[in-house]
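Q: Based on the sequences and whatever the hints tell you, model everything.
There are 4 protein chains.
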Amino acid sequence: MDAISILACGGTLDKDYDPLRGELVFSQSHLPTLLAQANHTLPLSVNAVMLKDSLMMDDTDRESIYQACLADHSEQIVITHGTDTMPETAIYIADRLANLPHKTLVLTGAMRPFQLGQSDASFNLGAALMAAQLLPAGVYLVMNGQVFLARQVQKDRARGVFVPKRSA
Amino acid sequence: MDAISILACGGTLDKDYDPLRGELVFSQSHLPTLLAQANHTLPLSVNAVMLKDSLMMDDTDRESIYQACLADHSEQIVITHGTDTMPETAIYIADRLANLPHKTLVLTGAMRPFQLGQSDASFNLGAALMAAQLLPAGVYLVMNGQVFLARQVQKDRARGVFVPKRSA
Amino acid sequence: MDAISILACGGTLDKDYDPLRGELVFSQSHLPTLLAQANHTLPLSVNAVMLKDSLMMDDTDRESIYQACLADHSEQIVITHGTDTMPETAIYIADRLANLPHKTLVLTGAMRPFQLGQSDASFNLGAALMAAQLLPAGVYLVMNGQVFLARQVQKDRARGVFVPKRSA
Amino acid sequence: MDAISILACGGTLDKDYDPLRGELVFSQSHLPTLLAQANHTLPLSVNAVMLKDSLMMDDTDRESIYQACLADHSEQIVITHGTDTMPETAIYIADRLANLPHKTLVLTGAMRPFQLGQSDASFNLGAALMAAQLLPAGVYLVMNGQVFLARQVQKDRARGVFVPKRSA
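Heads up: the protein sequence lines correspond to chains D, X, E and Z, in order. The first sequence begins at 1 in UniProt numbering and counts up one residue at a time. The second sequence begins at 1 in UniProt numbering and counts up one residue at a time. The third sequence begins at 1 in UniProt numbering and counts up one residue at a time. The fourth sequence begins at 1 in UniProt numbering and counts up one residue at a time.
There's no promise every hint is true.
To be verified - List of simulated lysine to aspartate or glutamate pairs, EDC-like, C-alpha gap at most 20 Å:
{"id": "1", "chain 1": "Z", "residue 1": "Lys52", "chain 2": "Z", "residue 2": "Glu63"}
{"id": "2", "chain 1": "E", "residue 1": "Lys52", "chain 2": "D", "residue 2": "Glu88"}
{"id": "3", "chain 1": "X", "residue 1": "Lys155", "chain 2": "Z", "residue 2": "Asp18"}
{"id": "4", "chain 1": "E", "residue 1": "Lys52", "chain 2": "D", "residue 2": "Asp18"}
{"id": "5", "chain 1": "D", "residue 1": "Lys155", "chain 2": "E", "residue 2": "Asp61"}
{"id": "6", "chain 1": "Z", "residue 1": "Lys155", "chain 2": "Z", "residue 2": "Asp53"}
{"id": "7", "chain 1": "D", "residue 1": "Lys155", "chain 2": "E", "residue 2": "Asp18"}
{"id": "8", "chain 1": "Z", "residue 1": "Lys155", "chain 2": "Z", "residue 2": "Glu88"}
{"id": "9", "chain 1": "D", "residue 1": "Lys52", "chain 2": "E", "residue 2": "Asp18"}
{"id": "10", "chain 1": "Z", "residue 1": "Lys52", "chain 2": "X", "residue 2": "Asp18"}
{"id": "11", "chain 1": "Z", "residue 1": "Lys52", "chain 2": "Z", "residue 2": "Glu75"}
{"id": "12", "chain 1": "Z", "residue 1": "Lys52", "chain 2": "Z", "residue 2": "Asp16"}
{"id": "13", "chain 1": "E", "residue 1": "Lys165", "chain 2": "E", "residue 2": "Glu88"}
{"id": "14", "chain 1": "X", "residue 1": "Lys165", "chain 2": "X", "residue 2": "Asp61"}
{"id": "15", "chain 1": "X", "residue 1": "Lys52", "chain 2": "Z", "residue 2": "Asp18"}
{"id": "16", "chain 1": "Z", "residue 1": "Lys155", "chain 2": "X", "residue 2": "Asp53"}
{"id": "17", "chain 1": "D", "residue 1": "Lys52", "chain 2": "E", "residue 2": "Glu88"}
{"id": "18", "chain 1": "D", "residue 1": "Lys155", "chain 2": "D", "residue 2": "Glu88"}
{"id": "19", "chain 1": "X", "residue 1": "Lys155", "chain 2": "Z", "residue 2": "Glu23"}
{"id": "20", "chain 1": "E", "residue 1": "Lys155", "chain 2": "D", "residue 2": "Glu88"}
{"id": "21", "chain 1": "X", "residue 1": "Lys155", "chain 2": "X", "residue 2": "Asp53"}
{"id": "22", "chain 1": "Z", "residue 1": "Lys155", "chain 2": "X", "residue 2": "Glu23"}
{"id": "23", "chain 1": "X", "residue 1": "Lys155", "chain 2": "X", "residue 2": "Glu88"}
{"id": "24", "chain 1": "X", "residue 1": "Lys52", "chain 2": "Z", "residue 2": "Glu23"}
Unchecked claim - Only some residues are given here: those of chain X computed to face chain D with a beta carbon under 10 Å:
{"id": "25", "residue": "Pro32"}
{"id": "26", "residue": "Leu34"}
{"id": "27", "residue": "Ala68"}
{"id": "28", "residue": "Ala71"}
{"id": "29", "residue": "Ala127"}
What the hints assert, rightly or not - Far from chain E, some chain D residues (derived; all Cβ distances over 12 Å):
{"id": "30", "residue": "Leu24"}
{"id": "31", "residue": "Gln28"}
{"id": "32", "residue": "Asn47"}
{"id": "33", "residue": "Leu55"}
{"id": "34", "residue": "Tyr92"}
{"id": "35", "residue": "Ser119"}
{"id": "36", "residue": "Pro136"}
By construction, these hints were calculated from the structure, which means they are not laboratory data. Using N, Cα and C, we set each Cβ at its ideal position, and we do this for glycine too.
A: Shown next as structure tokens:
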């Protein structure tokens, strides 16, 4: 079995509560704890590309994520990412997919931080890792139990879920 | 999108601690709580077929589970089940697959009860629901982030994980 | 046994994460859930006076809390409150203690919300309810496993704990 | 401030779920994790005397616990213990109280293991540590938010709570 790569790029999934500041912050990726609980046997490598709120990401960040995908030898890559601009990053990578032949790239994240309990993070990561193994090469977004193509999804901010993109 | 069905059949996933007896018992399925946390948008129906330790299951129970699959109109069915005899039930259904045309059936479960926290249940259910949507008709077992064919998997009890079946 | 009263006044203890806004907010008091987990047998009444960040409280709020203490028939009162101005409210009530004869008033709270897991809320509330039963009439602050007199405590914001007040 | 001692003697509080055996077992004391969450500032020492189900304890075990109390230099001692025979151990120590002058000894425990989440352990330990600081020398049992004298308490097994002992 070939190795699967997880590229941690921050987002709500990886935030935690800072009791001194009374707000949510990034300190480290909590994916190793999540994956240990998951009791998985996948040949996984986990690398932190950045720990960033996706509202704060610009194309320089998206280029960094794309370069991390380029440099990664795995053909199955899961990218954990903030939900607010997840579709933008998906499209940024999809626009350069010709340079990423044979790679299945799946973006996922969470609406509630893993460290806060009662989170959707483990469910989403289980779904994303399965999708990365079963889907053909391409760029996908996996959230809410569903799989979307990179260019055909948008976030419904009022409901906090992803839905098919309305055509212009 | 067609509906997906979850058939709850018990197992560790659905056990909880009974403080009066000091042991793990079944009271009700906790899948509704798990699915609410998962923030999913799938057209799901959840039905409890039985809440049973899979070590206590016999072919009468397996026939009940198979009959529930037969009666279910969904083409994508996830069966939550105890891990100890999950492969036996998978084979029981696979032996009758000719009567279940067009159906993708995925068995999953957990090594630690959902209600006890730090559980693999949400990760496994996320993976199983994704596999049910992406795999062709057939009977599968999804655990530890991996997908196995019904006849090609066994539990490694010493490690608490599923592995490819050794050929006889 | 006489009844004990809990007056919920907000603070970190009662905040929860709002996935749509991505921040911590008040929706309802989570004390009933905390108390159910605690498996207590005390004759408790729980009343929400306000759900407010204590940095946002002014003397109008402190007067409301004091009036709620005056109106309460219990002689043992626990007040859950934000940590940032907990000493100020304690002193506000202590200044009016002559109007609250025979009452033992204990302020407590949490540095991490109960709803986020891994919280100090249950430990603090257990300590505060015990202190309210054992201490003589007066105004106290119970945090970090310790009991302080109202006028002799301050928050060490850098460490996130309460310490004896330095004399001027 | 004098040091407070916690003597860990097992019981439900310190059990955890073993996924390989599918049952609750002792591996190590989880009090350090509980106390870290509690954010306490007490001068505490924690020592594991034994990790045992209190239904399995006999007078040899009670003698070991009593000897640990004798050897302990703290005047405030909290003993974590299984609930089923907590009153028996409390009386065993109370019978030898003349040898433990100036010591306040408080037994506590939990009905649901700390490691399983939604536990009463933190609430009970917060209450017990406060009671140890405020009560005069003697042997007490702190559970369900209440304090009982060693000889005046019994467990109501049907309800899973402690109640005053019925006189003979």
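Q: Need the status of pair Lys155(D), Asp61(E): alpha-carbon distance at most 20 Å?
A: violated (39 Å)
Q: Measure nothing beyond the straight line between the CA atoms of Lys52(X) and Asp18(Z); if it is 20 Å or shorter, mark the hint as holding.
A: holds (19 Å)
Q: Lys52(E) and Glu88(D) were given as a pair; does the straight-line alpha-carbon distance stay at or below 20 Å?
A: This hinted pair is violated, its Cα atoms lying about 37 Å apart.
Q: Straight-line Cα separation of Lys155(X) and Asp18(Z) no greater than 20 Å?
A: The hint holds at about 16 Å.
Q: May I ask you to check that Leu55(D) keeps its beta-carbon over 12 Å from the closest beta-carbon of chain E?
A: violated (9 Å)
Q: Between Lys52(Z) and Asp16(Z), is the straight-line Cα distance small enough, at 20 Å or below?
A: holds (12 Å)
Q: Does Tyr92(D) sit more than 12 Å from chain E, CB to CB?
A: Check passes; 22 Å lies beyond 12 Å.
Q: For the pair supplied as a hint, Lys155(X) and Glu88(X), confirm whether the alpha-carbon distance does not exceed 20 Å.
A: Roughly 11 Å between the alpha carbons, so the hint for Lys155(X) and Glu88(X) holds.
Q: Has the given pair, Lys155(Z) with Asp53(X), been kept, meaning a C-alpha gap of at most 20 Å?
A: Violated, at about 31 Å.
Q: Hint check: Lys155(D) vs Asp18(E), CA-CA at most 20 Å. Holds or violated?
A: holds (16 Å)
Q: Just want to verify: Pro136(D) was marked as not at the interface with chain E; is every Cβ pair farther apart than 12 Å?
A: The claim stands: Pro136(D) keeps its Cβ more than 12 Å from every Cβ of chain E (closest is about 32 Å).
Q: Does Asp53(X) lie within 20 Å of Lys155(X) when you go C-alpha to C-alpha?
A: holds (16 Å)
In this structure, the hints that do not hold are numbers 2, 5, 11, 14, 16, 17, 20, 25, 27, 28, 30, 33 and 35, in rising order.
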